[in-house]
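Engineer: Protein chains in written order, with my numbering: chain V, 655 to 966; chain C, 655 to 966; chain R, 655 to 966; chain U, 655 to 966.
These are calculated hints, taken from the structure and not from any lab test.
Be aware that a few hints might be false.
List time: in silico SDA-like cross-link candidates among lysine to any residue, alpha-carbon distance up to 25 angstroms [unchecked claim]: (1) U:Lys799 - R:Arg907; (2) C:Lys689 - V:Glu930; (3) R:Lys795 - U:Asn712; (4) V:Lys689 - C:Gly700; (5) V:Lys689 - V:Arg939; (6) V:Lys799 - C:Arg940; (7) R:Lys689 - U:Leu696; (8) U:Lys813 - U:Ser901; (9) C:Lys790 - V:Leu857; (10) C:Lys689 - V:Leu696; (11) C:Lys790 - V:Glu930.
There are 4 protein chains.
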Amino acid sequence: MSEAMLQGMVERVRNWGRWGADDELGTLNYITPQKIAQAARLVTRGRVFALGIPLQRNGPQSGTRQRFNPIHLMFRDGGDQPTDVMEGQGYGGSDDVIIMPLQCVTQWDSLAHVFYAGKMYNGYDATLVTSSGTSKNSIAKTKDKIVSRGVLLDIARYKGQDFLEPGYPISIDDLDGCAEAQNIRVDTGDILLVRTGHVGRALQRGDWADFDSGPSPGMSFYTAPWLHAKQIAAIGVDNYAVEVRPSELPPFRSPLHIAAIPNMGLTLGEIFFLEELAADCAQDRRWEFLLVAPPLPVTAAVGAPINPYAIK
Amino acid sequence: MSEAMLQGMVERVRNWGRWGADDELGTLNYITPQKIAQAARLVTRGRVFALGIPLQRNGPQSGTRQRFNPIHLMFRDGGDQPTDVMEGQGYGGSDDVIIMPLQCVTQWDSLAHVFYAGKMYNGYDATLVTSSGTSKNSIAKTKDKIVSRGVLLDIARYKGQDFLEPGYPISIDDLDGCAEAQNIRVDTGDILLVRTGHVGRALQRGDWADFDSGPSPGMSFYTAPWLHAKQIAAIGVDNYAVEVRPSELPPFRSPLHIAAIPNMGLTLGEIFFLEELAADCAQDRRWEFLLVAPPLPVTAAVGAPINPYAIK
Amino acid sequence: MSEAMLQGMVERVRNWGRWGADDELGTLNYITPQKIAQAARLVTRGRVFALGIPLQRNGPQSGTRQRFNPIHLMFRDGGDQPTDVMEGQGYGGSDDVIIMPLQCVTQWDSLAHVFYAGKMYNGYDATLVTSSGTSKNSIAKTKDKIVSRGVLLDIARYKGQDFLEPGYPISIDDLDGCAEAQNIRVDTGDILLVRTGHVGRALQRGDWADFDSGPSPGMSFYTAPWLHAKQIAAIGVDNYAVEVRPSELPPFRSPLHIAAIPNMGLTLGEIFFLEELAADCAQDRRWEFLLVAPPLPVTAAVGAPINPYAIK
Amino acid sequence: MSEAMLQGMVERVRNWGRWGADDELGTLNYITPQKIAQAARLVTRGRVFALGIPLQRNGPQSGTRQRFNPIHLMFRDGGDQPTDVMEGQGYGGSDDVIIMPLQCVTQWDSLAHVFYAGKMYNGYDATLVTSSGTSKNSIAKTKDKIVSRGVLLDIARYKGQDFLEPGYPISIDDLDGCAEAQNIRVDTGDILLVRTGHVGRALQRGDWADFDSGPSPGMSFYTAPWLHAKQIAAIGVDNYAVEVRPSELPPFRSPLHIAAIPNMGLTLGEIFFLEELAADCAQDRRWEFLLVAPPLPVTAAVGAPINPYAIK
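Bound conformation, chain V alone:
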């Protein structure tokens, strides 16, 4: 029954071929130059909110899918620097290196990250993702694409909570109700940010335990048609996997991923830090802004760490 439900859903929201047989961008196609120019006009106060969490050893990963937190190492440091300017060609310096899964912090999933019945978005075969990376739908294809109007739906605040309870599925009613309360309309080409408070809660506690594997508030699977109808370009949520955990449709662990990534072609953003932005929006009663979230253009990669800027 879960399988029939899932299949019905994916057929309903599938965008294969919508932007041509060669498309690798999916719903990012909804972003037009006009949309970007309009979004820039939302910048009036010159305030910037950085939505990326810190990249460090204490982080959200505890082993899910073998992911680990960023490992940052120095290979030149200040311990043994020349103090005389003539030594060492006149100066000293420092250098560092990082080792990290591309999806271990605030990040975009590429459209090659999840498969459905052996296929990626737009019908490309999953076998095109080999140990050399992906030859289709890589994050590098989106390198200059991820800027648009951002809209924040602050569901936690709308519900009168500091954070939604782990396991709470955000419904279409929640989304519509919140948008109405905030007096804003989600529109074609928007990058939608949805706040659960879950990342803020972990940071406040200073403890990421179970963040990647435990229950989490998040988008209900059943919001897929709403996301499809709204024609959003991308979505970013302050939890581990955009969608609610545990799954509403077992045994599928991430049914919304299956509907969204390989079928709808929707770019998902995870582990967003929305606390400061949300507080500001609540204060000035404006939940729209210019959102600029460039992915590192890693060739053939299936995801990329980001530090998105919301600019008001």
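Knowing the structure of chain V, use the given hints to seat chains C, R and U on it.
Structural biologist: Only chains C, R and U this time, still in chain V's reference frame:
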């Protein structure tokens, strides 16, 4: 004599204490909310230029300072995916990992990257950069700071060349002459981009050989007072080290680094890709734009890879 | 008082200059060709015991000193191999990569791993260990040195226990009593193995939790003079740090390390797997064997992972 | 025609099923306890030769199959150590990390490293090697298996050369002639070492350029039946790939690999350092010794770096 010259220069451009004894931002302090709001108004056409080079094995590093090009590895791929939806919790997917020096591609140097006489910017001791990273002037401190008006000075085009000759030092006259020809004024808080054509040349040849170690066009050491007087917030150049190679002031290998980073507190951006942006600017005769270049907030790091967006 | 005790001890066991001012081998000098030839004669049954634990994600590290367990990744796998011999130059294959602290599994500490009052073994300055590695006492110096007679003192079995209690300090009386019960004499140039049962316990439980940070049985600090007098070449123990945890001499966390590595010049081996070897020794009543434990010759490194062979 | 030749050969040397349907060791099965005990008796002088090359940035890899040389980084060093014993819990220390392909230095190929017509040794399917590693024929299966009599055939010296010319294929006549000249017989269960001089030449020049991709002396494809008939347990050669380059059987790049690994089940050792051992053998006229070459037991891995000891 080189040493006396360097010392005279660094004293002339030093900004220690200018923004308080606790400052870790340096010239990024020149960026005000007003500046950002004004910069956003430059967006009229909604065109985006991504200034980051690809992160891949074929790249600019051949061993300088032990740096290497990004190593991208998959740890889940499409080779053995379930094709039946019920298998494997209903779907398959892919994951990847990256190993990279933080300064191996398009990047910002942090103010902890270079020392002068045992000191970092604002007088912090170089010994604060240990094998655990830096406790002062880390790139994470700038996480929400790097957006402003961008101004491109296309020196190569101004000189009527596809690319400046390796070893050519860009002078104050070049900068002033180019600005005048482009009918633009470099102003307080701007992020200055300077085009040499050197990255474009490497990409066109498909060959990065000697890019990190050989001769390169770049900013003359003697432009330091100009950069200081213009009160720019940051500078990004399409070469390996912002400044010209070989050095004009041997035995100092990177004298402009010494003047700029630990003394002026100027954030340097290297290996920028400026070809598409420059072509567009030449066409619409507008060399200013909104520049958004968020660093990954790596805790205690001395640099960060970036994919800056120039938005017109 | 702890400090006076430690200083008294280190002066008592210090071997600086014993093998010349240039020595970087320390007690490994006790191994002579004659010793090796004699040790080889102990091989009569042709049985081999591998003393290295598996290198995998589930391992003994949980964050002590930022160490992590080995990360093993494939960069070519069998998912998409040609099945036709003519394709892909006629065959397919696989390749992999590892990322690991050099001291995260069964390993030798080099004599550059621990300092005492700013000095390494033989008086070399600790500042010779820079971000480029160590220029003295590196593990590479021992590349052809670590083979000798191995002697196992099975303290747990001697005490009639499956494993010693966490926190139990093995005393000189334990060592002497066990040697007598086993009818064996620890001699100059031996590589001494001491069994606590602690690694076996973790493997049996399938759980390494707290292995690196919690209480552990191990060598008492006060055995240092005994180790010195016995003139052993090296010691390997089946626990995290050779010595007992918590420390008997707070605030010093690892006082035996301080006595042994920088002062005595004793090579320490950690996280040895001794269960199969110990069971065999108990059965044939012979606790001596040829021990061959070559370190990977990592240039300038301060430790090396190993898979020692005990051959009987 | 090459294909027919290859197919004829692999059928001739194939050992599938020879040691049972579940076998994952291949020719290592030829090593018996008796063989090991006999080999130990060869140790008379107590001399040790380490056959592993240094693990460092300057090494044999220049990009073949995306392999790179070992990257060694410190994450704790001596630059900022406490000199007072009470500080920092009384001592300071150092720690390091390595990032390396498992087959980038002196190493054993596992029997999962090369496929033939979609199969590994003993008929296991190549698809069992996934992005999680291999579930059959991993190097970890051999963790206590690689010790036996070692026999060195010093072909370069036999031919009166410092090193064989790049491209020179070592023939069965060379092997038999050399064995006769050295007055030694290659026997069942031996680990055969074959010296070309090629690694020594690179080390002498201090230059590994083209070592992984250029012409190289090595075993002729046509020695496969000889290797099979001799029933050797493993083979180690001082070149990049055991076999000669360029291939004698184009378009197959490594036809001997195909015959040896997936068909014969022969463990191949590459990039061995044989210069010191060979010089010693020439002097004492004994080309046999105890060879101990434990692989690091990396779970599910397809190769392992080693530092083999030849003990005479």
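Engineer: Are the hints correct? Go through all of them and say.
Structural biologist: Tested hints:
1. U:Lys799 - R:Arg907: violated, 38 angstroms
2. C:Lys689 - V:Glu930: holds, 21 angstroms
3. R:Lys795 - U:Asn712: holds, 18 angstroms
4. V:Lys689 - C:Gly700: Cα-Cα ~7 angstroms, so holds.
5. V:Lys689 - V:Arg939: Answer holds: V:Lys689 to V:Arg939 is near 22 angstroms, not above 25 angstroms.
6. V:Lys799 - C:Arg940: holds, 22 angstroms
7. R:Lys689 - U:Leu696: holds, 15 angstroms
8. U:Lys813 - U:Ser901: holds, 22 angstroms
9. C:Lys790 - V:Leu857: holds, 22 angstroms
10. C:Lys689 - V:Leu696: holds, 15 angstroms
11. C:Lys790 - V:Glu930: Between C:Lys790 and V:Glu930 the Cα gap is close to 23 angstroms, so the pair holds against 25 angstroms.
The structure fails hint 1 only (numbered hints given earlier).
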